[in-house]
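Undergrad: What follows is each chain in one-letter form.
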Amino acid sequence: MLTYLTKKTLEMLITFAGITIISFAIIHLAPGKPTDVLTDLNPKITPEARAKLEKYYGLDKPVTTQYAMWFKRVIMLDFGESFSSDHRAVWTKIKERLPITLYINIASLLIILAIAIPIGISSAVHRHTLYDRITTVGVFVGFAMPGFWLALLLMMFFGVHLHMLPVAGLKSAGFAEFSFQGKVIDILRHLILPIFVSSFGGIAGISRYMRGSMLEVIRQDYMATARAKGLTSNRIIYVHGLRNALLPIVTILGLSIPGLIGGSVIFEQVFSIPGMGQLFYMSVMSRDYPLVMGILTIGAVLTLLGNLFADLGYAAVDPRTRR
Amino acid sequence: MKIDAVINRLRANKMAAAGGIIVLCLFLAAALAPLIAPYDPEAVNRHSVLSAPCRAHLLGTDDLGRDVLSRMLFGAGISLSVGFVSAGIATAVGIAIGAAAGYYGKAVDAAVMRFVDIMLSIPTFFLILAVIAFLDSSIWNIMAVIGLTSWMGVSRLVRAEFLSLKNREYVLAAKASGASDLRIIMRHMLPNSLAPVIISAVLGIAAAVLVESALSFLGIGVQPPTPSWGNILSAGKDNLEIAWWLSVFPGLAILVTVMGYNLLGEGLRDIFDPRLWDERS
Chain A
1 MLTYLTKKTL EMLITFAGIT IISFAIIHLA PGKPTDVLTD LNPKITPEAR
51 AKLEKYYGLD KPVTTQYAMW FKRVIMLDFG ESFSSDHRAV WTKIKERLPI
101 TLYINIASLL IILAIAIPIG ISSAVHRHTL YDRITTVGVF VGFAMPGFWL
151 ALLLMMFFGV HLHMLPVAGL KSAGFAEFSF QGKVIDILRH LILPIFVSSF
201 GGIAGISRYM RGSMLEVIRQ DYMATARAKG LTSNRIIYVH GLRNALLPIV
251 TILGLSIPGL IGGSVIFEQV FSIPGMGQLF YMSVMSRDYP LVMGILTIGA
301 VLTLLGNLFA DLGYAAVDPR TRR
Chain B
1 MKIDAVINRL RANKMAAAGG IIVLCLFLAA ALAPLIAPYD PEAVNRHSVL
51 SAPCRAHLLG TDDLGRDVLS RMLFGAGISL SVGFVSAGIA TAVGIAIGAA
101 AGYYGKAVDA AVMRFVDIML SIPTFFLILA VIAFLDSSIW NIMAVIGLTS
151 WMGVSRLVRA EFLSLKNREY VLAAKASGAS DLRIIMRHML PNSLAPVIIS
201 AVLGIAAAVL VESALSFLGI GVQPPTPSWG NILSAGKDNL EIAWWLSVFP
251 GLAILVTVMG YNLLGEGLRD IFDPRLWDER S
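From first to last, the protein sequence lines stand for chains A and B.
Residue numbers for the first sequence follow my numbering, so the first one is 1 and each next one is one higher.
Residue numbers for the second sequence follow my numbering, so the first one is 1 and each next one is one higher.
Everything labelled a hint here was simulated from the structure, so no lab data went into it.
What you are looking at is a predicted structure, and each value in this text was computed from that prediction instead of being measured.
A virtual CB, placed ideally from N, CA and C, is assigned to each residue, including glycine.
Incorrect hints may appear among the rest.
The calculated label-pair distances, taken between Cβ atoms and stated as ranges, are [stated by the list, open to error]:
| hint | chain 1 | residue 1 | chain 2 | residue 2 | range |
| --- | --- | --- | --- | --- | --- |
| 1 | A | P248 | B | F27 | 33 to 41 Å |
| 2 | A | R133 | B | L58 | 48 to 56 Å |
| 3 | A | Q181 | B | H47 | 47 to 55 Å |
| 4 | B | N141 | A | Y103 | 29 to 37 Å |
One side of the interface only, derived from the structure: several residues of chain A facing chain B at Cβ under 10 Å [to be verified]:
| hint | residue |
| --- | --- |
| 5 | T9 |
| 6 | F16 |
| 7 | G18 |
| 8 | L98 |
| 9 | P99 |
| 10 | L102 |
| 11 | M145 |
| 12 | W149 |
| 13 | L152 |
| 14 | M155 |
| 15 | P166 |
| 16 | G169 |
| 17 | I261 |
| 18 | I295 |
| 19 | T303 |
| 20 | G306 |
Modelling step: build the complete structure from the supplied sequences, incorporating the hints.
TA: In structure tokens form, the structure reads like this:
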């Protein structure tokens, strides 16, 4: 187990270094110098001040040195100062917006698992029935549904038509005067649609994988053995079958994390949720390079952590991988 | 498998046939758009701003009085070209990288697969967003960026196929007779691993269409006045309370299109999968 962990950690470090190189390269794709934006916004800036800035970002040095300098600071969680007018530290800005994005993504992951796994199992067990057909159609629709369109439709129906749910932000006007209970309910009401939208595609995908995985498992010999032993069919499916069928799902979940994080740009933008996705959108639009690099890096770290959890989960369920 | 055998199975497979028909309709809409569109898709009309669907404008008009049906017909071409070109780039890059890893193995394979893992751990949508916003959002940049961030699946497939084909007799025979690596890869190994690549390319078109529409919706994809389904939806969001038609129709077009490619891809998977042949005949 220890060698397994060491190997995984080493792999993660290499991947992390690779990701930072790619993020760094992308910033340098942009025409002109990163400081151009900063100086264009302040036309009064003197050549001396500009030179000072370029020195601060190390722009007078070769690209490899710049990368080394940046990487050293990133490890200390120092992403520099945002280019925006408030000049706050990038890490502070990310830190205050990260929790809401994380909560929404974790909630969607849990919902995806809670809904997709039972659907997948039951459509595998009842293969070729009407139920299986209906879920299959549902899966195809779910796969093809653009998240932002679903968001628009839901906003139109529940927000504009029925006036049942709020369509933007996290808090209603007058939030400060609500009781504690009222505050909780208010935030939850704001979160229903975003969480639904961000889990919709995942439910379709994971339930499809679960169905396929379960179908594979049902064909295995040990399932026939369990049946021959006279175990009840529920016990066969949920104890012998499920554990084996869940294995590939763990991997798929790990792989779907970048998609979830990337998708937060879309639903946070549509629902005006002040999370990391929205911050990324704003930073990209205003070419706030330090902030863009910071969020790209944090997004990658989150993905790596997610993958690590998936690997650990896999190792916990399947002793063969620990060797 | 012969081509006509594939076509026969394609006809028998309802999923693939439905998908094929949808894609065909899309091609027709795109090709005939200049002939059948009732209005100029970019013509602004101050007198018919945000008009609901009616006889003059079957799908209504947008906030500048442009005809939504005409814009959607022209948008079909954008959607098609972005889908095919991006998926084409992804497939070509994926084949090249996967073939190198599978054919040469060892250090090349290890290095290449690590690179694939790195690409798979970056939230791709963040990457695409950053690149497009920093360069300019011309349609060529969009295609290139989507293609260059979505080749990893194909490369994994090709690598796996090549690893299993590498030691087959006909490959060894070609090697023994002195054929070049490139020739062995292109003439002997690739044709024998095409089925999964074709399937994943078709599914890749669907994914590219979704990404393009999301980018255009966020305002960094296809730029107005050029019509795209995503940027019509963007106007739909701004007028959510008064103009449902701006949100409903283009989104439906994206949904049906993506479903068409997915059905075609999944249908092809069944057609190419020899394990399923007995079950069907």
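Undergrad: Does the structure break any of the earlier hints, and which numbers would those be?
TA: 2, 5, 8, 9, 10, 15 and 16
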